[in-house]
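J.: Residues per chain are reported as follows:
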Amino acid sequence: KNQVEQSPQSLIILEGKNCTLQCNYTVSPFSNLRWYKQDTGRGPVSLTIMTFSENTKSNGRYTATLDADTKQSSLHITASQLSDSASYICVVSARGSYIPTFGRGTSLIVHP
Amino acid sequence: DTAVSQTPKYLVTQMGNDKSIKCEQNLGHDTMYWYKQDSKKFLKIMFSYNNKELIINETVPNRFSPKSPDKAHLNLHINSLELGDSAVYFCASSQALGSGVSYEQYFGPGTRLTVT
Numbered sequence: 037k038n039q040v041e042q043s044p045q046s047l048i049i050l051e052g053k054n055c056t057l058q059c060n061y062t063v064s065p066f067s068n069l070r071w072y073k074q075d076t077g078r079g080p081v082s083l084t085i086m087t088f089s090e091n092t093k094s095n096g097r098y099t100a101t102l103d104a105d106t107k108q109s110s111l112h113i114t115a116s117q118l119s120d121s122a123s124y125i126c127v128v129s130a131r132g133s134y135i136p137t138f139g140r141g142t143s144l145i146v147h148p
Numbered sequence: 083d084t085a086v087s088q089t090p091k092y093l094v095t096q097m098g099n100d101k102s103i104k105c106e107q108n109l110g111h112d113t114m115y116w117y118k119q120d121s122k123k124f125l126k127i128m129f130s131y132n133n134k135e136l137i138i139n140e141t142v143p144n145r146f147s148p149k150s151p152d153k154a155h156l157n158l159h160i161n162s163l164e165l166g167d168s169a170v171y172f173c174a175s176s177q178a179l180g181s182g183v184s185y186e187q188y189f190g191p192g193t194r195l196t197v198t
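Each protein sequence line maps, in turn, to chains Z and S.
Going by the numbering used here, the first sequence opens with residue 37, and the numbers climb by one from there.
Going by the numbering used here, the second sequence opens with residue 83, and the numbers climb by one from there.
Pulled out of the complex, with its shape left as it was, chain Z reads as follows:
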């Protein structure tokens, strides 16, 4: 069964600090992995997408990594800002499937 597990479930950090969110998946055969950011009260917005051949992708202060061998991805946030407070959702797509598998998200709170 295809599954996406994210950790930690929630995280509180101080403004300016770095943090790393984890995503482990069992989706097979793997096609691509996408990270979304969902602000409170809004819909998710895509941050990065990575295919099998990519192991790092950056979007400003967000850097996603992918290890297709161990089926793990991480999202690293550098020099966090208050506006980074949100839920971060990992979504994995399988080849041959129309339906992506969603993780339950990591809730990040950045305190001043």
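None of these hints come from the bench; they were simulated from the model.
Take the hints with a grain of salt, since some may be wrong.
Under the rule of at most 20 Å between Cα atoms (straight-line distance), these lysine to any residue pairs were calculated in the SDA-like manner [as the list claims (entries may be wrong)]:
1. 126(S) x 38(Z)
2. 122(S) x 137(Z)
3. 126(S) x 76(Z)
4. 126(S) x 118(Z)
5. 123(S) x 43(Z)
6. 101(S) x 143(S)
7. 126(S) x 122(Z)
8. 122(S) x 75(Z)
9. 53(Z) x 135(Z)
10. 122(S) x 107(Z)
11. 153(S) x 122(S)
12. 107(Z) x 137(Z)
13. 123(S) x 46(Z)
14. 123(S) x 162(S)
15. 126(S) x 53(Z)
16. 123(S) x 44(Z)
17. 104(S) x 77(Z)
18. 91(S) x 167(S)
19. 118(S) x 107(Z)
20. 37(Z) x 55(Z)
21. 149(S) x 108(S)
22. 134(S) x 153(S)
23. 149(S) x 162(S)
24. 91(S) x 44(Z)
With the hints as your guide, set chain S onto chain Z.
T.: For chain S alone, kept in the frame of chain Z given last:
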């Protein structure tokens, strides 16, 4: 200009009622979706339409009926509302529907449905 819009943003209704949520996208996309996000923030796909044709129907009760009058609109009608239907419903669209290809999905702001 809002890319994906939903109305209403909030919907409070009693059990047994019938209600509709409307969704419109102005991105020229071929594919639209409905998602349900429960109280634990888990997003679950319900339906997907590609060029007005139903492609994905993920074990959703028959009380939920999507309708796509054209590629830019995908409405969700819910009959005989139940307490368990309370959730946030998101509409989304993507350029196309890829089998294993991840076209970026653009989400609407959500409709918070509360059934009392």
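J.: Hint by hint, note whether the structure agrees.
T.: Verification of the supplied hints:
1. Our distance criterion of 20 Å between C-alpha atoms is met by residue 126(S) and residue 38(Z), whose separation comes to about 14 Å.
2. Distance restraint check for residue 122(S) and residue 137(Z): the Cα-Cα separation of roughly 16 Å lies within the 20 Å cut-off, and the hinted pair is therefore satisfied.
3. At roughly 17 Å between alpha-carbon atoms, residue 126(S) and residue 76(Z) fall within 20 Å of each other, so this suggested pair holds.
4. Taken as a hint, the residue 126(S) and residue 118(Z) pair is broken in the structure, with Cα atoms around 28 Å apart against an allowance of 20 Å.
5. For the hint linking residue 123(S) to residue 43(Z), the alpha-carbon distance of about 14 Å falls within 20 Å, and the restraint holds.
6. At most 20 Å may separate the alpha-carbon atoms for a hinted pair to count; residue 101(S) and residue 143(S) meet this at roughly 15 Å.
7. In summary, the hint linking residue 126(S) to residue 122(Z) is supported, as the alpha carbons are separated by about 19 Å, within the 20 Å threshold.
8. Taking the CA atoms of residue 122(S) and residue 75(Z), the gap is about 15 Å. The hint holds against a cut of 20 Å.
9. Taking the CA atoms of residue 53(Z) and residue 135(Z), the gap is about 35 Å. The hint is violated against a cut of 20 Å.
10. A C-alpha spacing of about 25 Å is found between residue 122(S) and residue 107(Z), which places the hinted pair above 20 Å, so the restraint is violated.
11. Under the criterion of a C-alpha separation no larger than 20 Å, the hint pairing residue 153(S) with residue 122(S) is inconsistent with the structure, at around 31 Å.
12. A distance of roughly 14 Å separates the Cα atoms of residue 107(Z) and residue 137(Z); the hinted pair therefore holds under the 20 Å criterion.
13. Restraint check for residue 123(S) and residue 46(Z): satisfied, since their Cα atoms lie roughly 12 Å apart, inside the 20 Å limit.
14. Note on residue 123(S) and residue 162(S): the hinted pairing is violated, with a Cα-Cα distance of about 24 Å set against a maximum of 20 Å.
15. For the given pair, residue 126(S) sits about 32 Å from residue 53(Z) by alpha-carbon distance, which is inconsistent with the 20 Å threshold.
16. Restraint check: the Cα-Cα separation between residue 123(S) and residue 44(Z) comes to about 14 Å, which is no more than 20 Å; the hinted pair holds.
17. The hinted pair formed by residue 104(S) and residue 77(Z) meets the criterion: a straight-line CA distance of about 18 Å does not exceed 20 Å.
18. Taking the CA atoms of residue 91(S) and residue 167(S), the gap is about 16 Å. The hint holds against a cut of 20 Å.
19. Distance check on the hinted pair: residue 118(S) and residue 107(Z) sit about 27 Å apart at the alpha-carbon level, beyond 20 Å; violated.
20. At most 20 Å may separate the alpha-carbon atoms for a hinted pair to count; residue 37(Z) and residue 55(Z) exceed this at roughly 30 Å.
21. Between residue 149(S) and residue 108(S) the alpha-carbon distance is near 17 Å, which keeps this suggested pair within the 20 Å criterion.
22. For a cut-off of 20 Å, the pair hint linking residue 134(S) to residue 153(S) stands: about 6 Å separates their Cα positions.
23. Our distance criterion of 20 Å between C-alpha atoms is met by residue 149(S) and residue 162(S), whose separation comes to about 17 Å.
24. Taking the CA atoms of residue 91(S) and residue 44(Z), the gap is about 30 Å. The hint is violated against a cut of 20 Å.
In the structure shown, a violation is registered for the earlier hints numbered 4, 9, 10, 11, 14, 15, 19, 20 and 24, in ascending order.
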